[in-house]
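Visitor: Sequence:
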Amino acid sequence: MENNFISKKISSWYLQHKRDLPWRNTQNPYYIWLSEIILQQTRVVQGMPYYYKFIEAFPTVQDLANADENEVLRLWQGLGYYSRARNLHKTAKMVLENYAGEFPNTYQELLKLKGVGTYTAAAIASFAFGEKVAVLDGNVYRVLSRIFGESTDISSNEAKKVFMQLAESILPDQDAATHNQAIMEFGALQCTPSSPNCMFCPLAMDCVANAKGQVAALPVKSKKVKVKERFFHYFIIEQNGNFAMRKRVGKDVWEGMYDFYLNESDENIQELSYLALEDKFLEKILENSLIKRESSIYTHILTHQKIQTKFWHLVINNNFPLHLPTELDWYSLNEVDDLPKSTLVNNYLSSFVFE
DNA sequence: CACGCGTGGCC
DNA sequence: TGGCCAAGCGT
Numbered sequence: 001m002e003n004n005f006i007s008k009k010i011s012s013w014y015l016q017h018k019r020d021l022p023w024r025n026t027q028n029p030y031y032i033w034l035s036e037i038i039l040q041q042t043r044v045v046q047g048m049p050y051y052y053k054f055i056e057a058f059p060t061v062q063d064l065a066n067a068d069e070n071e072v073l074r075l076w077q078g079l080g081y082y083s084r085a086r087n088l089h090k091t092a093k094m095v096l097e098n099y100a101g102e103f104p105n106t107y108q109e110l111l112k113l114k115g116v117g118t119y120t121a122a123a124i125a126s127f128a129f130g131e132k133v134a135v136l137d138g139n140v141y142r143v144l145s146r147i148f149g150e151s152t153d154i155s156s157n158e159a160k161k162v163f164m165q166l167a168e169s170i171l172p173d174q175d176a177a178t179h180n181q182a183i184m185e186f187g188a189l190q191c192t193p194s195s196p197n198c199m200f201c202p203l204a205m206d207c208v209a210n211a212k213g214q215v216a217a218l219p220v221k222s223k224k225v226k227v228k229e230r231f232f233h234y235f236i237i238e239q240n241g242n243f244a245m246r247k248r249v250g251k252d253v254w255e256g257m258y259d260f261y262l263n264e265s266d267e268n269i270q271e272l273s274y275l276a277l278e279d280k281f282l283e284k285i286l287e288n289s290l291i292k293r294e295s296s297i298y299t300h301i302l303t304h305q306k307i308q309t310k311f312w313h314l315v316i317n318n319n320f321p322l323h324l325p326t327e328l329d330w331y332s333l334n335e336v337d338d339l340p341k342s343t344l345v346n347n348y349l350s351s352f353v354f355e
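Numbering (my numbering), first residue to last: 1 to 355.
Wrong hints could be hidden among the right ones.
The list that follows gives simulated cross-link-like pairs (lysine-lysine, DSS-like), each with its CA atoms no further than 27 Å apart [to be verified]: (1) Lys247 with Lys224; (2) Lys132 with Lys160; (3) Lys160 with Lys224; (4) Lys160 with Lys9.
Here are the simulated distance ranges between beta carbons [claimed, not checked]: (5) Asp63 with Glu264: 13 to 23 Å; (6) Asn66 with Glu168: 18 to 28 Å; (7) Ser265 with Leu333: 27 to 37 Å; (8) Ser273 with Ser295: 10 to 20 Å; (9) Ser194 with Asp338: 16 to 26 Å; (10) Thr106 with Gln270: 36 to 46 Å; (11) Glu168 with Glu264: 18 to 28 Å; (12) Thr299 with Asn319: 29 to 39 Å; (13) Leu290 with Ser265: 22 to 32 Å; (14) Leu324 with Ser194: 27 to 37 Å; (15) Glu109 with Asn66: 33 to 43 Å; (16) Thr42 with Glu264: 26 to 36 Å; (17) Gln16 with Asp266: 49 to 59 Å; (18) Asp338 with Gln214: 47 to 57 Å.
Rather than coming from a laboratory, the hints here were simulated on the basis of the structure. Remember, predicted model here, so these are calculated numbers, not experimental data. Virtual Cβ for every residue (Gly too), placed ideally from N, Cα, C.
Whole structure, please, built from the sequences with the hints as guidance.
Guide: Below, the structure written as structure tokens:
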């Protein structure tokens, strides 16, 4: 490519302004993979402590593969998008079983790993193995849309082809790794989503959006999220110093994380007696317990959901032979602490001390 | 393939 | 304040 002045300017800017991030000082594919999974949809400052925790707890991919899923999820607790942690663990096992413990070293092979899509495969292939493949992430979409004045909706299916073509048009033959790092860092620090400082931009004179006064309008992104309201009543069931919890399964939020007995309604119902009408188990435990604590309403905001929750701490009479539903099991206080839990549950638990 | 999946920071 | 975003992926 002869119009590589764009790549050269961005890479030059990168060498002057790049942050010193730990995963940039290694070519170990395990560390690079780990950092890329952590950073999916996640800010560097938010992911950084998790990166350090993981490499300390699991220095090698073998260590990660040999861990229990709960242990991995517990370490991931608080970072969100927990399928990343479950897939991280699955992939570590795959690397051990299918690749003899050696990370696959090409874009095409990397794509076969769980949780590794086109972006992450390109990132690992270029950073760890020097393969000439272009990364296409949120930063790259933004930088390219502005430089080239490309207004294709980045939420559309067509965008992936259009922008990949642009990305490849400025991908240099040599050192794709530095180029890829550079364009992402350029998007993160210079060509920012809102109010970029184009006065100091080395590409100001080359940028179509800047010339047309379209910087704020690009990239075009149409997708809007619809927020669904949900109403939870969590019942912390305690008997003889043990607590009933379950591992969440299915397609709902927080799959794999542990929580308490949940009564969910479409409407904002406050009366326990009303809830118990439709919930025989709840009716039974209410008849045989004391309400030790009734929390205030916790409003938990997720990307697609707004969940209003009240927590009820019930102490079941010691002599009542309570038979738990199959999904629930008893855990000691220390075990409760060790289990992976959502931030909503942890917010409640950390708001007071069990006595 | 459009949608669901977390959390925290920003204005 | 509420909406938007931040190194996407699986289904």
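Visitor: Each hint should be assessed against the structure and marked as holding or not.
Guide: Here is what the structure says about each hint:
no.	hint	result
1	Lys247 with Lys224	violated (31 Å)
2	Lys132 with Lys160	holds (18 Å)
3	Lys160 with Lys224	holds (18 Å)
4	Lys160 with Lys9	holds (24 Å)
5	Asp63 with Glu264: 13 to 23 Å	violated (38 Å)
6	Asn66 with Glu168: 18 to 28 Å	violated (39 Å)
7	Ser265 with Leu333: 27 to 37 Å	holds (29 Å)
8	Ser273 with Ser295: 10 to 20 Å	holds (18 Å)
9	Ser194 with Asp338: 16 to 26 Å	violated (41 Å)
10	Thr106 with Gln270: 36 to 46 Å	violated (57 Å)
11	Glu168 with Glu264: 18 to 28 Å	violated (47 Å)
12	Thr299 with Asn319: 29 to 39 Å	holds (38 Å)
13	Leu290 with Ser265: 22 to 32 Å	holds (24 Å)
14	Leu324 with Ser194: 27 to 37 Å	violated (50 Å)
15	Glu109 with Asn66: 33 to 43 Å	violated (23 Å)
16	Thr42 with Glu264: 26 to 36 Å	holds (28 Å)
17	Gln16 with Asp266: 49 to 59 Å	holds (55 Å)
18	Asp338 with Gln214: 47 to 57 Å	holds (52 Å)
In summary, the numbered hints that this structure violates are 1, 5, 6, 9, 10, 11, 14 and 15.
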